[in-house]
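Use these hints to put chain D onto chain Y, whose structure you have.
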Amino acid sequence: MAPMDKYAKQLYDALVNLIINLHLQKGSLTREEMYCLLNVVDMALLDKEDQGLVQVLREWQAGEPNQEIDEIIKVTLLNLDFAKPASLAAGVETICELIRYNKELGEAGTTQEPPQSE
Amino acid sequence: MAMLEMEPQAHLIDLESERRVLSSMLHSEEACIEACNSLQPRDFYSPQHATVFELVRSLYEREVRPTYVELVKEAHTLGMLTSIRDAEELRYIAEHYIYDGNIGFWVKKVRDRSRLRSFEAFIRKSYQLLQEETDRDVEQVLMAAEEELTNLTALEIDDHVDSPEEMARMGYEEVERRFLRYREIKEKHKGVIPLDGLPTGFYNLDKITLGYKPGDLIILGAQTGHGKTSFALHTADAVAVKGDHNVLYLNTEMSRQQIALRWGSILSGIEHERVRSGEINESELSQILRGYNDLMQSGFYSYPCPNLTPEKTISIARKFKAQKNIDMMIVDYIGRMDKQDPRLQEWQVLEQIVKTQKMLAQNLQIAVMCLVQLNPDGSLQGAKRMKNECDLMLKLSPLSKDDLETNPDLQKYDVTPNYEIYVDKNRDGQSGIRIPVYFDLARQTMKDPKRVSV
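Line by line, the protein sequences are chains Y and D. Counted from 1, the first sequence has number 8 at position 8 by the working numbering; the numbering is strictly sequential. Remember, the working numbering sits 1000 above the position in the second sequence when you count from 1.
Note that these hints are calculated values from the structure, not bench results. One or more of the hints may lead you astray.
[Claimed, not checked] Here are some chain Y residues the structure puts well away from chain D; computed CB gaps all over 10 Å: (1) E33; (2) D42; (3) D50; (4) Q55; (5) A62; (6) G63; (7) D70; (8) D81; (9) P85; (10) A89; (11) V92; (12) Y101; (13) G106; (14) E107; (15) A108.
[Stated by the list, open to error] FRET-style restraints, in silico, Cβ to Cβ: (16) Y:G109 <-> D:L1285: 46 to 54 Å; (17) Y:E33 <-> D:L1129: 32 to 40 Å; (18) Y:E33 <-> D:E1253: 42 to 50 Å; (19) Y:P65 <-> D:G1101: 40 to 48 Å.
[Claimed, not checked] A few chain D residues that face chain Y, going by a derived Cβ cut-off under 8 Å, partial list only: (20) H1027; (21) T1067; (22) Y1068; (23) V1072.
Ideal Cβ placement from N, Cα and C applies to all residues, glycine included.
Chain Y extracted, bound-state conformation:
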């Protein structure tokens, strides 16, 4: 674990607390959504091995919204086993594919069926 300064610790803790509150207090996150976001926080802020997931999530956020594809990405994320590198790598590949497909759609300006993820 790389040493964290006080600011980094505060930022990390604030994010974790926010996610817990959204589940426990506001009920706006399910248990699975809370676990998924907590895992992403650990990967993004503590340099945990992520198989490129954080970078892919950044690309997803920077892209055009597409309700259907976004929903598939969310389901993919919720089904990831963050403790297993193979599961993470497979998830990253699926999300990459979906992002690429969405980008192509945007460039073509057409609506197509999203690719079937395995």
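Relative to the frame of chain Y, chain D by itself:
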């Protein structure tokens, strides 16, 4: 009994220090190692803090990095984080930030308060005893109190004084064990010696030392380029690959790739230069793969660490003892450890390092092997002090041309020995012995040459 159940005095409770220790454990691995090693759940006054400590420690022992996120997930899974109030309490603990380097200070505060609370409870109990029981044997009462008080002052569990009976019993049992083993060697094993400790990788060295034992500090000295790393990896091979034990190998000068490549030639018996350049055929590639498969199943853990300090070796060793239950640590080599205090002379630094490693070996009950560099004349800086601290001091050096020509004994082996291990000190047995070995420089392997009748 009412007095016994009283709360400790307020100044003996330091909840803030407890929170600071826990917060630091969630944000720094070093802090986690220090706290896990120095504290017990009972040292925390708050039951909630004790529970958090136990959760963090259990994550750490299961090799899960004990971050705030992991703690939250663990507590939630166990049904200990179900309300916003639980979350608030965890948040309050987490935000007690400290500079992680100060963890020792806060750990000491928690432990000191815990010990004082135990002392207070002892005084209360003794006072109660005086009030309630008047006809007990005074000698007995005072002796029991003294024993309890002595236990309170002893920081470590190994602070134990052996009575004459215990010492005599222990001595007899040890001699009897050795007697039975000797008989077994003669009758069943036909002279092959079962070891007391870990295999050294050399038959004659096994015979002299009976293996590297828990708590042993072994020092191996060799000049630059005279096979220190090869000896270390030969030891690791004997203990972790061919043997069934876990070894932590700390290397201060080689990269991960270099260490991994070395194993390729050691385990396959193919020349290192050819492995390095890739000049091998397909059958040799399969041979190397088989070797790496053995490594994969072994208990060899490598930690390349160019800026190693004595303090760092302590925390790394503690971590691997807790998580991998290592039996041995090899430090390759201590001359490259960073100086913590630049005012110290080289020999003072080495002495300090060696003392730390001996303490580490005893506290963790593992064998620690330190590799040191000999001067060009074969001497060792701070040798006397190092010799005092260690249990076994070995020196590895090439045999001179003169030795090979003038010593006919060296011709009585299947391969002519080109190196020797000199046993300079052996706390448990004979010293001053020279053991001829064969060092295959091309393959970076070492072996015992076998005696043949001429």
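Interface hint check: T1067 (chain D), Cβ to nearest Cβ on chain Y, cutoff 8 Å. Holds or violated?
6 Å, holds
Verdict on Y101 (chain Y) as a residue remote from chain D, using beta-carbon distances over 10 Å
Non-interface label on Y101 (chain Y) holds, nearest chain D Cβ at 31 Å vs cutoff 10 Å.
Consistency of the no-contact label for Q55 (chain Y), given chain D and a CB cut of 10 Å:
At roughly 20 Å from the nearest Cβ of chain D, Q55 (chain Y) sits farther out than 10 Å, so the non-interface label holds.
Least C-beta distance between A89 (chain Y) and chain D, which was stated to exceed 10 Å
The assertion about A89 (chain Y) holds, with a minimum of 20 Å to chain D.
In terms of Cβ atoms, is chain D entirely out of 10 Å range of G63 (chain Y)?
G63 (chain Y) is indeed farther than 10 Å from all Cβ atoms of chain D, at 27 Å.
Any Cβ of chain D at or closer than 10 Å to E107 (chain Y), or is the non-interface label fine?
38 Å, holds
Using Cβ atoms and 10 Å as the threshold, tell me whether G106 (chain Y) really stays out of contact range of chain D.
34 Å, holds
Taking C-beta pairs only, is D42 (chain Y) more than 10 Å away from all of chain D?
Non-interface label on D42 (chain Y) violated, nearest chain D Cβ at 5 Å vs cutoff 10 Å.
Taking 8 Å as the limit, does the beta-carbon of H1027 (chain D) come near enough to a beta-carbon in chain Y?
5 Å, holds
If I take the minimum Cβ distance from A108 (chain Y) to any residue of chain D, is it greater than 10 Å?
40 Å, holds
Is the Cβ of D70 (chain Y) more than 10 Å away from each Cβ in chain D?
24 Å, holds
Just to be sure I understand the hint, the distance between the Cβ atoms of E33 (chain Y) and E1253 (chain D) should be within 42 to 50 Å; is that true here?
48 Å, holds
In this structure, the hints that do not hold are numbers 2, 17, in rising order.
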